[in-house]
Each structure stands twice: as structure tokens, then as C-alpha cells.
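Enquirer: Protein chains in written order, with the working numbering: chain L, 2 to 379; chain G, 135 to 224.
Note that these hints are calculated values from the structure, not bench results.
Accuracy of the hints is not assured; some may be wrong.
Pairwise CB distance ranges, derived in the manner of DEER restraints [stated by the list, open to error]:
1) G:Asn205 / L:Thr337: 36 to 44 Å
2) G:Asp173 / L:Ala159: 16 to 24 Å
3) G:Glu194 / L:Arg129: 30 to 38 Å
4) G:Ser159 / L:Leu272: 18 to 26 Å
5) G:Ser148 / L:Asp213: 44 to 52 Å
6) L:Asp51 / G:Asn205: 20 to 28 Å
7) G:Glu145 / L:Tyr362: 36 to 44 Å
Glycine included, each C-beta is placed from N, C-alpha and C at the ideal position.
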Amino acid sequence: MRFVDEFRDAEKARALSAEIANLCEPGREYKFMEVCGGHTHTIYKHGIEDYLPENIRLVHGPGCPVCVIPMGRVDDAIHIASQPDVVMTSFGDMMRVPGSGGNFFDSNAEGTNIRMVYSPLDSLKIARQNPDTHVVFMAIGFETTTPSTAMTLKRAAAEGIENFSVFCNHVTIIPAIKAILDSPDLRLDGFIGPGHVSTVIGCRPYEFIAGDYHKPVVVAGFEPLDILQSIYQLLLQLREGRCVVENQYARVVPWAGNTVALKAIAETMVLRPYFEWRGLGFISHSAMRVRDEFAAFDAERIFEMPGVRVADPKACQCGEVLKGVLKPWECKVFGTACTPETPIGTCMVSPEGACAAYYNYGRFTRTRIREASAHEPV
Amino acid sequence: MCLGIPGEVLEVDSEQPDLAKVAVSGVKRKINVGLLSDDPPVPGDWVLIHVGFALSKIDEDEAAAALAFLNDLGQSYEDELAALRDSQIE
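Excised from the complex, chain G in its bound form:
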């Protein structure tokens, strides 16, 4: 559960700017970006996501490194992605 997973911001919810649609390893889900309100992400930005919240902005290199770490985890990352797939943050 303590995983930080990289996601690419696809769009920010125009009615609820705390929410953004992101793509994580092919899974597209809404997450909360309220913790980045000092410097809100825009489409194309990469963020590190933890339990449905973007914790920090990262660059594409770091996203690739984080993804490599997660792929090493194997089953734990699969479980995390499955949980994300079931998530319905609104």
C-alpha cells in the first residue's frame, strides 16, 4: 500500500479542480490533486500517486524509474493496479 505510482495527467476536472483524470500503466482513473494546490498539475504533467492522491510532481525520467521499481515488485504492483481499477474517486 505504501507505493508511489507514476501517472500522467490527462485532464483536470473543470468543476472540481481538486480532481484530475490520470493514466497509470494503461489504467485511466480519477485521482485527487488537492495536495498540489500550490502548483496545480496540468495535462501532460507526471505525478506520483499514493492511495488516490497526487503527492508530488515528477518528470518523465523519474516516472520511468518509479515504474521500473514497481514492475520489480510483481504481484504487489498488480494488486495495487487492480485496486486502482476498482477505485471510483469523485
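Chain L extracted, bound-state conformation:
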């Protein structure tokens, strides 16, 4: 695995670490947000913070699609699944997300038929095979996932499948970033841009962060050296007084994104006026709904739903964690009442959630890694 070694070379990591330290201005504090849950995972797994000077803080952002689904939407999904002759389908990660009366597994114990699928196309196949039932796909995810739902909607329409619909919960990353930039709670110095989302949307949508908010953005890959390299690029921009969007992950992310995917989204979905995000509240133009032309495939128009807004449990501080105001371990219930086995909040449910990532790799603290062998790979 020659290639992987290139991304994990401990020598290179130490060299980058030294260059990062050189770029930091003495006495200045730096806060960089990594938007994507995949990056959060790499940071904890590989103890990236231990390669950084103390005055750089990495703040975890809202880029975990399961984490931002509010309780009310889980309740709505269970309500739809409770209707006669309905099979609800969703990704495996959704199964343990708590609604106000329990999660999908709890609901199935009471008689609903909510199934895990790998792809929305698998839901479509279940619909084809079961013409007497109505199959709903609970669609969640950022722009990485939205095109797959869009393509499935187009396929369902082309085939004229009448017993399939989508319960659309797709969210968009840019309004969430803007909400965080506008929030008085947090002062950030730059962003490590999401990798997979950018494969679809490209790099241009981040330009307002550099242009209007004067913060640098570096779209980054998922390997430890990718993260260190992007932090180096952020610091270099700040040092040189520049603010632009840079693409560290050009080996996968085209600057213009995936135009076929963007077109498929535009053909099948439109922006909602507003959408509730768990922990972040209502954010305008931050989610998609199914277009009128595809109304026959829109579960929200086919089924009546309670649509009740359910407040998060008081003990849960996912909102603060999602906004980067609190580190996972600063939450009152972290690791005690809330664990990956019995999650209270969504950040502990998904492996991409900041709390689950920290819970699983929490042994990598700044001090302990320094005590560990200096010869270990990053």
C-alpha cells in the first residue's frame, strides 16, 4: 500500500506540524471548523490535534446528516409507517435515531415495517416487488446523498411506479454554515470544507465565506495528512492576508462539482422556505422538498402527518455540539447517560457524529499522544 503510506507518513506529518507551528502568530488563538463528520472522525482517530500547537482549536461542525434530523421528523416517519399497507425504508444509521416515543426499532416492535436499505434504488425495487403496499423512502443527507434520491425519483417517474414515494429530508450545507457564521456564540478563523459534499456542489458555493465573511476555506480530503495540509493552507492564507477558497482535495473534487447531479436535483426538488435542524433551530432555505411535477412521489402530500415540533431532551446539548460551541465531552450527559449503545442525542447515534467519534477514540488526548511512541504512524 505505497499510496496510503504517502498520506500517513509520520515524517511528513511532523514536517507539516512544524510548518504549521511556524505560521502561527504568537499569542493569537485560531479556531477552524471542520464541517464534515468524516473529518471529525479522522481528527479523533489519528489524534490530529496533537500535531497542532495549543493555540489552534478544531471545532466540529454540523456535517453529520443523521445528527441534524429533528425529533419531529422521526415522529412523522413513524406516523407514516403506521398507516395500513406501508413499508418505510431508510438508511441503517436512521434506525436508532430517537423520536419522542422511541426509534424505528421500537416502532417495529409495535408493528410497523421499517426496513434498512443500502440505496434508494433498493426501496424502489421493494416497491416493484410489492405492488399491494406503498413503499416510502425516508431520504436524509446533504448534497452528497440528494442526487441519489433525485435519480431514484426520475427512475420511478419514468417507470410509472405508483406505490413509491419519498419522505424528503435532504438538507443543504451552505445555509447551515451561514447560520454558524451569523451566530454570535462562535468566532471562527476559517473552514476545512467538506470533501464528499463538494464532489457534488463544487467549490464555488463557499466563495461567500471568503468574500463576505473574510474567512479562508480549504476543501479537504479525509486522510490525516489531508487535514494537516488544509490547516497549513488556512494558516498560510491568514498569514499572507488572503481569503480565498482552495481545493486541497482536487484529486476527487472538481471545482464545478458534478453538473449531472446538480441538474437531477434541480429537476426533482426545490428549496423549502425553511426547515428545522436539530440543535440549530429553523434555518431558511436550508432543505429540499419534492417538486410539484413529482407530487405523486411525495410522501408529504400523500400522507397526513402530525408535523409537530418536538423539543430535544433537556439534558441533551447536541445543539451546542453541532454549532461547535461545546466539545463533546463538555456535554453534561456525554459518556454517562448518553453512549453509542443508548444515545440520547443524535451526535452519539451516527458514527460520524462528533460525540460518537470522540467516545470511540477519546483515548487520543493531546498529552497522551505525546507520551506515546514518536515512531507510531500518524
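Chain L is already provided as a structure; the job is to place chain G on it using the hints.
Expert: Showing chain G alone in chain L's frame:
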């Protein structure tokens, strides 16, 4: 679920060019390659797959890097592969 997993294209479906058979960590399944219709993949190409759809073409080095990241994830990647194994995209 938000994983991008690398797969090697084995063959493109001659009747449905939107579909291709790929190999992912030893699992062979059909996926949809319609999002790459601007520059369709051919056998031997590597693609980054997300929930049954190829999102972008990647080179072999990147495939190895992506795989290393996924292997680090442990159980989540196992779950994703198990889900892919059950998948029957057509």
C-alpha cells in the same frame, strides 16, 4: 451512511448503460453510474460510490487512500459493506 466507498468497474450493463457491475472490497454488486454520464466509466476505472451511485471517478491511489480511511472506521464500514451485499440495484 455518508461514506464514499471506492469500487472498481468490472463491466457496464449493455442494455442499461446507467448500471455497472463493480467490485468493492471483494463484494461484487451493481451500482448506478448515471451521475457520471458526462464521462461514463469503463471497465478498469475506479469510482467513488455513495448509497449505490458512483459520484466521481478516482484514480487507483485515491481508491487506496479511501479504503484506508474506511478500514479505520471499523464497524461502520463493515455495516456499509453488509448493506451493499444485501443491495439488489437493477
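Enquirer: Decide, hint by hint, whether the structure agrees.
Expert: Here is how each hint holds up against the structure:
1. Separation of G:Asn205 from L:Thr337 is about 31 Å and departs from the stated range, judged on CB atoms against 36 to 44 Å.
2. Taking the beta carbon of each, G:Asp173 and L:Ala159 are about 23 Å apart, inside 16 to 24 Å as hinted.
3. A beta carbon spacing of about 36 Å between G:Glu194 and L:Arg129 agrees with the range 30 to 38 Å that was offered as a hint.
4. Taking 18 to 26 Å as the suggested C-beta distance range, the pair G:Ser159 and L:Leu272 does not conform, at roughly 37 Å.
5. A hinted range of 44 to 52 Å holds for the C-beta pair G:Ser148 and L:Asp213, which are about 50 Å apart.
6. Evaluation of the 20 to 28 Å hint for L:Asp51 and G:Asn205 yields a pass: the beta carbon distance comes to about 22 Å.
7. Between G:Glu145 and L:Tyr362 the CB atoms are about 39 Å apart, so this pair conforms to the stated range of 36 to 44 Å.
Checked against the numbered hints above, the structure breaks hints 1, 4 and satisfies the rest.
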